[in-house]
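Peer 1: Sequences are here, hints too, so could you generate the full structure?
Respectively, the protein sequence lines represent chains A and B.
So that you can map any letter, position 147 of the first sequence is 147 in UniProt numbering, and since no number is skipped, the others follow by simple counting.
So that you can map any letter, position 151 of the second sequence is 151 in UniProt numbering, and since no number is skipped, the others follow by simple counting.
Since the hints were derived computationally from the structure, they do not count as laboratory data.
Mixed in with the good hints, there may be bad ones.
Below, a list of computed lysine to aspartate or glutamate pairs in the EDC-like style, where the Cα atoms sit at most 16 Å apart [said to hold, decoys possible]:
| no. | chain 1 | residue 1 | chain 2 | residue 2 |
| --- | --- | --- | --- | --- |
| 1 | B | Lys3 | B | Glu32 |
| 2 | A | Lys270 | A | Glu483 |
| 3 | A | Lys7 | B | Asp96 |
| 4 | A | Lys407 | B | Glu74 |
| 5 | A | Lys318 | B | Glu97 |
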Amino acid sequence: MFKNYLKTAWRNLINTKFYSALNIVGLTIGLAVGMLILIWVQEELSYDQFHAKGDNIYKVNASIGTGASKQVWGGVPGPVAAFALKEVPGVVSAVRVVTSYDYSVFRYKDKLLKEDFGKASYVDNAFFTMFDFKLLKGNIKTPFPNDQSIVITESTAKRYFGNEDPIGKTLTGDSKDPYTVSGVLADFPANSSIGGDILFSINVKKKQYTGKDFWKSMDQDWGNYYTTTFLQIRPDASTKAIADKLTDIHMKNQPGIKPTDGVFQLQALKDIHLYNPDGTSAGIQIVKIFSIVAVLILLIACINYINLSTARSMLRSKEVSVRKIIGAERSQLFMQFIIETVLCFSIAMVLAFTLIYAVMPVYNSISGKQMHFDLFNSNVWQVIALTIIATLVASSIYPAMLLSSFKPISALKGKVAGAGNATFRKILVVCQFAFSVGLIIGTLIINKQLQYIHSIQLGYDKEHVFALPMRAMQDHYEAIKAELLSHTEIKGVSTGNTSVIIGNGSTGDTDWDGKAPDVSLLISPFDMDKDFIGMFKLKFAAGTGFTGTKSDSAHYILNETAIKLAGIKDPIGKRFKLHNLNGTIIGVVKDFHFASLKQTIEPAVFSYRPSSWQMFVKTTGKDAPAAIKLVEKYWKQYNANFPYEYSFLDDAYNEMYRSEQHTSTLFNMFAGIAVFISCLGLFGLATYTAQIKVKEIGIRKVLGASVTNITTMLSRDFLVLVLLAIIIASPIAWYAMNEWLMDYAYRAEIHWWLIAVAGGVAVVVAFATISFQAVKAALANPVKSLRSE
Amino acid sequence: MIKISNLEKFYRTEEVETIALNKLSMEVATGEFVAIMGPSGCGKSTLLNILGMLDDPDAGSYVFNEIEVAHFNERKRADLRKHNIGFVFQSFNLIDELTVFENVELPLIYTGVAASERVKRVEEVLDKMQIMHRRNHYPQQLSGGQQQRVAIARAVVNKPKLILADEPTGNLDSSNGNDVMELLTDLNEQGTTIIMVTHSEHDARYSHRIIRLLDGQTVMENIMV
Numbered sequence: 001m002f003k004n005y006l007k008t009a010w011r012n013l014i015n016t017k018f019y020s021a022l023n024i025v026g027l028t029i030g031l032a033v034g035m036l037i038l039i040w041v042q043e044e045l046s047y048d049q050f051h052a053k054g055d056n057i058y059k060v061n062a063s064i065g066t067g068a069s070k071q072v073w074g075g076v077p078g079p080v081a082a083f084a085l086k087e088v089p090g091v092v093s094a095v096r097v098v099t100s101y102d103y104s105v106f107r108y109k110d111k112l113l114k115e116d117f118g119k120a121s122y123v124d125n126a127f128f129t130m131f132d133f134k135l136l137k138g139n140i141k142t143p144f145p146n147d148q149s150i151v152i153t154e155s156t157a158k159r160y161f162g163n164e165d166p167i168g169k170t171l172t173g174d175s176k177d178p179y180t181v182s183g184v185l186a187d188f189p190a191n192s193s194i195g196g197d198i199l200f201s202i203n204v205k206k207k208q209y210t211g212k213d214f215w216k217s218m219d220q221d222w223g224n225y226y227t228t229t230f231l232q233i234r235p236d237a238s239t240k241a242i243a244d245k246l247t248d249i250h251m252k253n254q255p256g257i258k259p260t261d262g263v264f265q266l267q268a269l270k271d272i273h274l275y276n277p278d279g280t281s282a283g284i285q286i287v288k289i290f291s292i293v294a295v296l297i298l299l300i301a302c303i304n305y306i307n308l309s310t311a312r313s314m315l316r317s318k319e320v321s322v323r324k325i326i327g328a329e330r331s332q333l334f335m336q337f338i339i340e341t342v343l344c345f346s347i348a349m350v351l352a353f354t355l356i357y358a359v360m361p362v363y364n365s366i367s368g369k370q371m372h373f374d375l376f377n378s379n380v381w382q383v384i385a386l387t388i389i390a391t392l393v394a395s396s397i398y399p400a401m402l403l404s405s406f407k408p409i410s411a412l413k414g415k416v417a418g419a420g421n422a423t424f425r426k427i428l429v430v431c432q433f434a435f436s437v438g439l440i441i442g443t444l445i446i447n448k449q450l451q452y453i454h455s456i457q458l459g460y461d462k463e464h465v466f467a468l469p470m471r472a473m474q475d476h477y478e479a480i481k482a483e484l485l486s487h488t489e490i491k492g493v494s495t496g497n498t499s500v501i502i503g504n505g506s507t508g509d510t511d512w513d514g515k516a517p518d519v520s521l522l523i524s525p526f527d528m529d530k531d532f533i534g535m536f537k538l539k540f541a542a543g544t545g546f547t548g549t550k551s552d553s554a555h556y557i558l559n560e561t562a563i564k565l566a567g568i569k570d571p572i573g574k575r576f577k578l579h580n581l582n583g584t585i586i587g588v589v590k591d592f593h594f595a596s597l598k599q600t601i602e603p604a605v606f607s608y609r610p611s612s613w614q615m616f617v618k619t620t621g622k623d624a625p626a627a628i629k630l631v632e633k634y635w636k637q638y639n640a641n642f643p644y645e646y647s648f649l650d651d652a653y654n655e656m657y658r659s660e661q662h663t664s665t666l667f668n669m670f671a672g673i674a675v676f677i678s679c680l681g682l683f684g685l686a687t688y689t690a691q692i693k694v695k696e697i698g699i700r701k702v703l704g705a706s707v708t709n710i711t712t713m714l715s716r717d718f719l720v721l722v723l724l725a726i727i728i729a730s731p732i733a734w735y736a737m738n739e740w741l742m743d744y745a746y747r748a749e750i751h752w753w754l755i756a757v758a759g760g761v762a763v764v765v766a767f768a769t770i771s772f773q774a775v776k777a778a779l780a781n782p783v784k785s786l787r788s789e
Numbered sequence: 001m002i003k004i005s006n007l008e009k010f011y012r013t014e015e016v017e018t019i020a021l022n023k024l025s026m027e028v029a030t031g032e033f034v035a036i037m038g039p040s041g042c043g044k045s046t047l048l049n050i051l052g053m054l055d056d057p058d059a060g061s062y063v064f065n066e067i068e069v070a071h072f073n074e075r076k077r078a079d080l081r082k083h084n085i086g087f088v089f090q091s092f093n094l095i096d097e098l099t100v101f102e103n104v105e106l107p108l109i110y111t112g113v114a115a116s117e118r119v120k121r122v123e124e125v126l127d128k129m130q131i132m133h134r135r136n137h138y139p140q141q142l143s144g145g146q147q148q149r150v151a152i153a154r155a156v157v158n159k160p161k162l163i164l165a166d167e168p169t170g171n172l173d174s175s176n177g178n179d180v181m182e183l184l185t186d187l188n189e190q191g192t193t194i195i196m197v198t199h200s201e202h203d204a205r206y207s208h209r210i211i212r213l214l215d216g217q218t219v220m221e222n223i224m225v
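Peer 2: Pasting the structure below:
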């Protein structure tokens, strides 16, 4: 029986090559793209899920301020971990991870390699027991036998030592500090939020506190929110109680701190990839959007299949009748048609797998991920099974029910209930195009927002500025600056601890004249020389800039937001204290965007430092190569042991929006594919309609209808459906995209014409698809079509 | 074998009601060969469909092998049909995607006959219909006469007690038509009851009895000698 079903199914497929091809191409693309998106979604959802104790691991966040000035910070002060272990019931283990910026190059023998910033961290020993990162070599209990020990990842070991055993070998940081490799860690999984290449003991960081500064030690420094702190808690412990207890401890240990200044919160490890510390979306929204897109694309492919199969069911009615007359039961026929769908799907699935394999490298580069389509991976099979079963069920049942329900006698005579009644198919076409139009609108809005981001007045000029660490040049900054400025290729030179593009952390360690007792301010500090403000063309709202005189060391410049949030009236001349340094406010700069446009502008304070670790050089587009060469001369003179490095601020700026760029590119592709698959279906339906109306067209032509008349007649019905789809999809897409835009503090306006463009695209594409068939049918010789009846 | 009494069937459109069968009664005994004749629209095909349990009557009684089937549901009718009745159509109604062998095999598949038994029985009947050499051809590769042989082979492969033939020679030339009538006569002689709808007086002469219908009623019966 099964063999017979399969045989019939196969021969049917072969006999109707055109429709089979449409069906299989549509399904293949739909399945492939659906699975590609779901693989992406699965990858995103898999972040940080692989730790055995993961359910009980939390990151401590700090919520600072109240009301409009409330900020939730992902870093907390150093003592939190120590106190949590000592004084908070329910805490089993605590780990601090602090990014190290101490070294940028390491040397092994004559091999000098650059390490990217942010790839090295100081960690507590418990790092190796709390998390499931695999220590391949070394002792898990004493990963750092002394403070000069480091643990490196497998691939880092390979880079420096090749196939030699790395244990006991020495890596010298920035040509001065030797570290001995005491452990080798398996590379961090791609889906881990915690990563890096080199791990130092947290003691190295602790030793950087000399006891002479305001904060005596790391475990006493309650003022700087810079450690990423993870707590493993007992399964029955309350996260709220632990967070509250930590807040209490903070109040007790830092004089003058009140609950309104800040409270601690716990965030589940499993959430840190997709949610920001304040609970807003850090990606979960895109995950949701993409899941919906995957479902829509799969639905579009299913609808194609259903529409083509049911439209053509009339041609199958004779076969169904005969089978019924000679003894087939409905269930047997039902099975037969299910098997036909299964066959079609199997072919499409194999093709889809091939397609996925083929496009995976491109897909990875577009999405900025390292995903693998591995048929031996159970996760991949989850996606495959889910996709295939859902789409198979969705597309097989209705056609099978319809076909097996034919009454044999009427079907033999060509009277088929359901197949003639095309309302259901029309509804499906409307759905299909509604999805497509929705995706087009989504694409246009995402692109519009990205354009907007690029066109927004940032409040500063970053054009043709490159940055480099000064290292030894720092001691000769003024001389180098003077010499560089004598070249026409160089338009400006300045120094600062951070660029204007992105701030460098925040501190709550502030005080000012007239500070209300319940107000606290988390502020981003910028250190700079006197030319920084001018070179980046920051504008003053009041006061003046630094002059480069000695008195500037007691001067502060704040941005408008800081003044507003601090509630300072007539700020010029008022006292402001940052850390332990009292000073006077001499200027107020207009607000500028020193973070992603997803965030609103936050408070900033400028301090005068005539020489900072970083140098900024402004040139022109034309002179850039010459300027880079000029700076290189000094680099070689002072930093001979280090490879020359520099980066343009424009690149850093674009990097901030890389994930949006990826999203936008993917969205463009998905929308295009959705429209394409919808058109395949429409093309099939138009072909079919032209076929069954061949006699009507013949008669109309004999009676004098023109080609235009016929084309209009055939296209009109479909275009009405597409218009209906536009009407349905527009408000929904509009609403959904508005929700997406809510993520951004600065949003592009959605104009009505975006919807019109999306609708126009759909109509034009649909019309082109239909008219091809319609014109062909209209041009056919009526004598031929009438005779064939 | 068959006893129908006061059988009625109406066809309704929005405005018109057509009576296809008007209180029709008739009997067919086991082993008979009956021809049903009459002008177009007299209800011949409707009668045949009801006899073949493809359609149900609006009123009246239909007793098949001493079972009242007039009010059987579709499933019961299908079950009774597939074990007892074979069909032969004017337009052959073979399935284009299946070969001669597979077309004939189909009824056996639906009645759950084992594969080895199926091969034996299909070969047997193809042999008898002298179409064995065409077993692997598709219907569209055969002449009309050959197609009708295949259709008859398919109708008899399940060894039905009754064969219903709807103008079996209507699409054939006279030579092929005669061959088909000979085949049916042979089957009848071997014990199969045959009811045949036809327009052809020539074909009707092969039967034992002609029932003539007009406007859904029996108007005359001729016993052939």
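Peer 1: Now tell me, hint by hint, if it's right for this structure.
Peer 2: Hints, verified against the model:
At most 16 Å may separate the alpha-carbon atoms for a hinted pair to count; Lys3/B and Glu32/B meet this at roughly 13 Å. A hinted pair counts as satisfied when its Cα atoms are at most 16 Å apart, and Lys270/A with Glu483/A does not qualify at roughly 53 Å. The straight-line distance between the Cα atoms of Lys7/A and Asp96/B is roughly 12 Å, inside the 16 Å bound, and the hint therefore holds. For the hint linking Lys407/A to Glu74/B, the alpha-carbon distance of about 10 Å falls within 16 Å, and the restraint holds.
Between Lys318/A and Glu97/B the alpha-carbon distance is near 12 Å, which keeps this suggested pair within the 16 Å criterion.
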